[in-house]
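Trainee: Here the protein sequences come in this chain order: L and H.
Here the working numbering is used: the first sequence runs in plain steps of one and ends on residue 265.
Here the working numbering is used: the second sequence runs in plain steps of one and ends on residue 621.
To be clear, the hints were calculated from the coordinates, so they are not data collected in a lab.
C-beta: ideal position from N, C-alpha, C; glycine also.
Incorrect hints may have been included.
Below, a list of computed lysine-lysine pairs in the DSBU-like style, where the Cα atoms sit at most 35 Å apart [to be verified]:
{"#": "1", "chain 1": "L", "residue 1": "K257", "chain 2": "H", "residue 2": "K283"}
{"#": "2", "chain 1": "H", "residue 1": "K421", "chain 2": "H", "residue 2": "K380"}
{"#": "3", "chain 1": "H", "residue 1": "K421", "chain 2": "L", "residue 2": "K257"}
{"#": "4", "chain 1": "H", "residue 1": "K375", "chain 2": "L", "residue 2": "K86"}
{"#": "5", "chain 1": "H", "residue 1": "K341", "chain 2": "L", "residue 2": "K86"}
{"#": "6", "chain 1": "L", "residue 1": "K82", "chain 2": "H", "residue 2": "K279"}
{"#": "7", "chain 1": "H", "residue 1": "K283", "chain 2": "L", "residue 2": "K82"}
{"#": "8", "chain 1": "L", "residue 1": "K257", "chain 2": "H", "residue 2": "K341"}
{"#": "9", "chain 1": "L", "residue 1": "K82", "chain 2": "H", "residue 2": "K290"}
{"#": "10", "chain 1": "H", "residue 1": "K290", "chain 2": "L", "residue 2": "K86"}
{"#": "11", "chain 1": "L", "residue 1": "K257", "chain 2": "H", "residue 2": "K400"}
{"#": "12", "chain 1": "L", "residue 1": "K45", "chain 2": "L", "residue 2": "K232"}
{"#": "13", "chain 1": "L", "residue 1": "K82", "chain 2": "H", "residue 2": "K380"}
{"#": "14", "chain 1": "L", "residue 1": "K82", "chain 2": "H", "residue 2": "K439"}
Sample of chain L residues with no beta-carbon within 12 Å of chain H, all distances over it, derived [as the list claims (entries may be wrong)]:
{"#": "15", "residue": "I99"}
{"#": "16", "residue": "N150"}
{"#": "17", "residue": "S157"}
{"#": "18", "residue": "E164"}
{"#": "19", "residue": "A172"}
{"#": "20", "residue": "S192"}
{"#": "21", "residue": "I195"}
{"#": "22", "residue": "F249"}
Quick list of the computed label-pair ranges, beta carbon to beta carbon [unchecked claim]:
{"#": "23", "chain 1": "H", "residue 1": "T324", "chain 2": "L", "residue 2": "R87", "range": "52 to 62 Å"}
{"#": "24", "chain 1": "H", "residue 1": "T361", "chain 2": "L", "residue 2": "T90", "range": "34 to 44 Å"}
{"#": "25", "chain 1": "H", "residue 1": "G309", "chain 2": "L", "residue 2": "R87", "range": "24 to 34 Å"}
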Amino acid sequence: MASKSNPPIHSIFLFLGAIILLFILAPLLGMILNTTPQGLFETAKESEVRDSIWLTLWTSMAATLLFAIAAVPFAYLLARRKFPLKRVVTGIIDIPVVIPHSAAGIALLGFISRNSVLGKLGSAVGLNFVGNPAGIIIAMAFVSLPYLINAARDGFSAVPLRLEKAALTLGASPMRVFFTISLPLAWRNILSGLILMFARGMSEFGAVIVVAYHPMVTPVLIYERFGSFGLKYARPVSVLFILITLAVFILLRALAKEKNSDNDE
Amino acid sequence: MNNLSPTPLLRLDKISRKFSTFGLKDICFSINRSDYFMLLGVSGAGKSVLLEIIAGLVTPDSGTIQLGGNDITHTKIQHRKIGLVFQDHAIFPHMTVYENIAYPLHGLVKNAKEKKEIISDIASKLGITGLLDRKPSRLSGGELQRVSLARALVQKPEILLLDEPLASLDSLLKSELRSLLRQLNRWGQTIIHVTHDYEEAISLGNIIAVMHKGEILQSGTPSEVFSHPKSQFVAHFTGARNFYRVKRSDEGNEALINETILIKLPASEGNRDGFILVRSEDIFLSKDPVETSAVNNFKGVILEIVPTRSGIEIVADIGIPIYSVITQESLQNMGLKEGQSCFIHFKASAVRFIPG
């Protein structure tokens, strides 16, 4: 780690870094070590747990993909165009990150309840958002969208403008320029934004519990087990959920890396 | 201006565009088919912006652009049939060389076999056949430049715009690319080439326009611009008032101006036709014949004595006008006057030959 040429101050930084790492890992390790493989196995067999994990994964994935259709082009505009009140717009995008998520849930509940415009629209086609996966998707998207938009915007900003100009002079329409130049070159950032949004959606508790206590996403299930039965019963679900999310991320990162190295060289 | 043929290929009429720090003012010029048009100026003169206006990347505030008689001022970029080669090549990094060159053919050439033929044809013309499967990150600056040229040429543009194409290349690659560009022009490609290097302008262009602070100060053949600069700036920028078309001897160490005046110069290989340049600072003046190490010695008459920014400019007639710059002090010490006879001396090594 610290080689001889490093100044002494770096040893201090290294020590501080170690403390931070320990701070992150110790509670997680503690929880995992406190859970027996047997207990984990038993929990995994419960259909309530399995259903909730599956629900959490697919709703978050759906929220990410559905909203990406609008968020990615929007990020391109933010990166490329000047328009009035742009600073206000970028500020608005960051609102979901800074407000308390339970408050966001309350706001969303009013927005999608049966009496609202959106709620009435949903009712007309037989869709009730509250207490429904559709509501969960909306709550997850609300709190996690900024991560995708900001990452994609940074990605598009990093694409040299001259490459887009060159493509235009080579006879490409602006649409073709977007799909063949801007999007592929910003893809690394967009993908990491997608993964971040997906992760953020899965771990959402505050906004989701207000909008949909049932069907239960895993963070809500963990909270319910803790409230009703105590720490001991909440632990195995937590561990299982953490392990599954970690596995999903490692898989996604690996796929992303493979795809990117294809692109680079 | 250059208006020899009744319908020029490209015609810019009073193009103006304001930016926060500078602007283009009433740019007018026209170019005939197969011209090699050089836009010469220091950086910040507005040359690149002018190219972007012609390509359609920047819209002018006023004025019109005509291509082949049609007004294209507001035509979309992708429909202009104008190729632009950027200074830093702008090769798409996520595509192979082949995919880069094929990019403009999308929608134009449907047949895959035909597409392949077109690309291999242009690749062999530009000497990049071996690079087609490579990714741009594995190419050198000179190779990138050729790929960029191939990509612009494959769509058969009416006009090829080049933004400082030689600036980032070392001298060997420079002369290679120069002959390539000359060859393209000989094949009939109309070219507008932006540069800050007057040697480049002389050796390639058949028409040179000198641009400064958003205006075209002068345009014409290299001889017109360099031998008869219309303004102080042009004279100063081109840096060499002593600019003559010459024919060199077989050995390359002698050159004839107007087939009468013999100039000795350092021998070098290459073209017989070209230009020579001698900086006015390198021309010595004396009232009496003196023995010096200089091999070029002429007798002449002082035509004019003109104070300039860089000193006193003496114009002497030795069969051709020749320009020498001396200090105010020398002028007084020597007591030179217009109409007086004088002697002109300069070393062979002060003479630069530019093929063209």
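Trainee: Taking the hints in turn, state whether each one holds.
Mentor: Hints, verified against the model:
no., hint, verdict
1, L:K257 x H:K283, "46 Å, violated"
2, H:K421 x H:K380, "13 Å, holds"
3, H:K421 x L:K257, "39 Å, violated"
4, H:K375 x L:K86, "42 Å, violated"
5, H:K341 x L:K86, "27 Å, holds"
6, L:K82 x H:K279, "29 Å, holds"
7, H:K283 x L:K82, "18 Å, holds"
8, L:K257 x H:K341, "38 Å, violated"
9, L:K82 x H:K290, "26 Å, holds"
10, H:K290 x L:K86, "32 Å, holds"
11, L:K257 x H:K400, "18 Å, holds"
12, L:K45 x L:K232, "17 Å, holds"
13, L:K82 x H:K380, "39 Å, violated"
14, L:K82 x H:K439, "39 Å, violated"
15, I99, "38 Å, holds"
16, N150, "23 Å, holds"
17, S157, "16 Å, holds"
18, E164, "9 Å, violated"
19, A172, "6 Å, violated"
20, S192, "17 Å, holds"
21, I195, "20 Å, holds"
22, F249, "25 Å, holds"
23, H:T324 x L:R87: 52 to 62 Å, "26 Å, violated"
24, H:T361 x L:T90: 34 to 44 Å, "37 Å, holds"
25, H:G309 x L:R87: 24 to 34 Å, "31 Å, holds"
Consistency note: the structure conflicts with the earlier hints numbered 1, 3, 4, 8, 13, 14, 18, 19 and 23.
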